[in-house]
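**Q** If you read the protein sequences in the order shown, they are chains F and X. At position 25 of the first sequence (counting the first as 1) the number is 25 in our numbering, and the numbers step up by one without a gap. At position 20 of the second sequence (counting the first as 1) the number is 20 in our numbering, and the numbers step up by one without a gap.
A couple of the hints might just be wrong.
All copies of an identical chain are treated as equivalent in the list; a pair is satisfied when it fits inside any one copy or across any two copies.
To be verified - Restricting the straight-line Cα-Cα distance to at most 35 Å, the calculated cross-link-like pairs of lysine-lysine (DSBU-like) are:
#, residue 1, residue 2
1, Lys107, Lys92
2, Lys107, Lys164
3, Lys107, Lys176
4, Lys92, Lys209
5, Lys209, Lys164
6, Lys209, Lys126
7, Lys107, Lys126
8, Lys209, Lys176
9, Lys92, Lys164
No lab work stands behind these hints: they were computed from the structure. Predicted model only: the values in this text are computed from it and were never measured.
Here's the letter readout for the chains.
There are 2 protein chains.
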Amino acid sequence: MAEKIALIGGTGPQGKGLALRLAQAGFDILVGSRSAERAREKAAEMNARIGGGSIAGSGNADVVAEAEFVLLTVPFENAATTLEGLRGQFRKGQVFVDVTVPLSFDKGQVNPAAPPEGSGSLQLRKILPPDIPFTGAFKTLPAHLLEEIETPLECDTFVYGDDKEARQRVSSMIRKVPGLRPIDVGGLSAAAIIEGMTALAIRINRRYKSREARFRILGIDPWPQK
Amino acid sequence: MAEKIALIGGTGPQGKGLALRLAQAGFDILVGSRSAERAREKAAEMNARIGGGSIAGSGNADVVAEAEFVLLTVPFENAATTLEGLRGQFRKGQVFVDVTVPLSFDKGQVNPAAPPEGSGSLQLRKILPPDIPFTGAFKTLPAHLLEEIETPLECDTFVYGDDKEARQRVSSMIRKVPGLRPIDVGGLSAAAIIEGMTALAIRINRRYKSREARFRILGIDPWPQK
């Protein structure tokens, strides 16, 4: 049986792109939304898009309860409130993956807008039940490109979290997505760096008139990693 | 006549690698050190290494006074004090390039260790005379690889600063180094992000047993940029 991945707020641009790519990689996808009806509609559209049937939609609380991996893909402004409302739904054995990024758009310069904890992830870690391992991943991938499923990603994504086994599980999951390589960057203190790199990618997009700026690490294993 | 590039603290690993690569790119290099004698010795060694004569050594104050570009390549711990001692040597028309990065190595996790200003560059900007444009570049390049001049870099380096013309001048300088592409990431507020990426590269090096982790941006102009 395929592993299940839930996407809280999976009807937004980032969630949709990830749902499509992860479904194509062979996972069962549970797209969550505040409105179960909207989630079902979007799931049907996504299945049609990839000619499959492995994407289902439901309310956020329902999808969290059922999945091995739970990805948070709401806008950061709603992240804390959304997670607070769902914290009772998690169960031991699941891995949480934060995909949200706090950003500010002041004076034409995009910057990370970390809460007092130092990063978005450090704030959300306080809300998630302590026995659920907290990881961050997919943060620097352009939503626009994720949705363009005909275009290979051919880039890296950075995985962090204090629980090593959880990082390994998330990395294995990512490795199944063609053209995407996980880079394990260690503990949760990396979150501020990675969230900064999301801001950097947007800066680069604006300056170079692209929507697809993303990262590749050179100097480690040959690419792609097996 | 070739443009002159001064490297304050250019006898350290980062400075040496940059001196070699920039000399090979056709610039006249002035390697500075607290000891003029040490600088001259190191300059002679570097000239021998590349079979050239365009690298000269002298005291830090002397090299600053003479160059179009002034790169600060001391360890961050000495950056503020060194720059304070040299601020009287700058003259209008020069461009300052900060290459230093504040890092902490706590509990086996490398992280940026920004001063209260928010980044190393923001602290140093307060020390440099206000009429000298302040930029940052070369921060994420591995010192080890810079010195291995037989190996092409084949990566990007991020250029920031509030003065657009200065960023362009630094980018043009970088473009002359084979295999190195400048990415203009806008204003000085990017410094914290880029300094974080230095920490990230070191994290990746440790985890993947490399000394050469570095960045390439995908999704903008084809590489290398002309």
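**Q** Can you list which hints this structure breaks, lowest number first?
**A** Going through the list in order, the structure violates no hint and respects every one.
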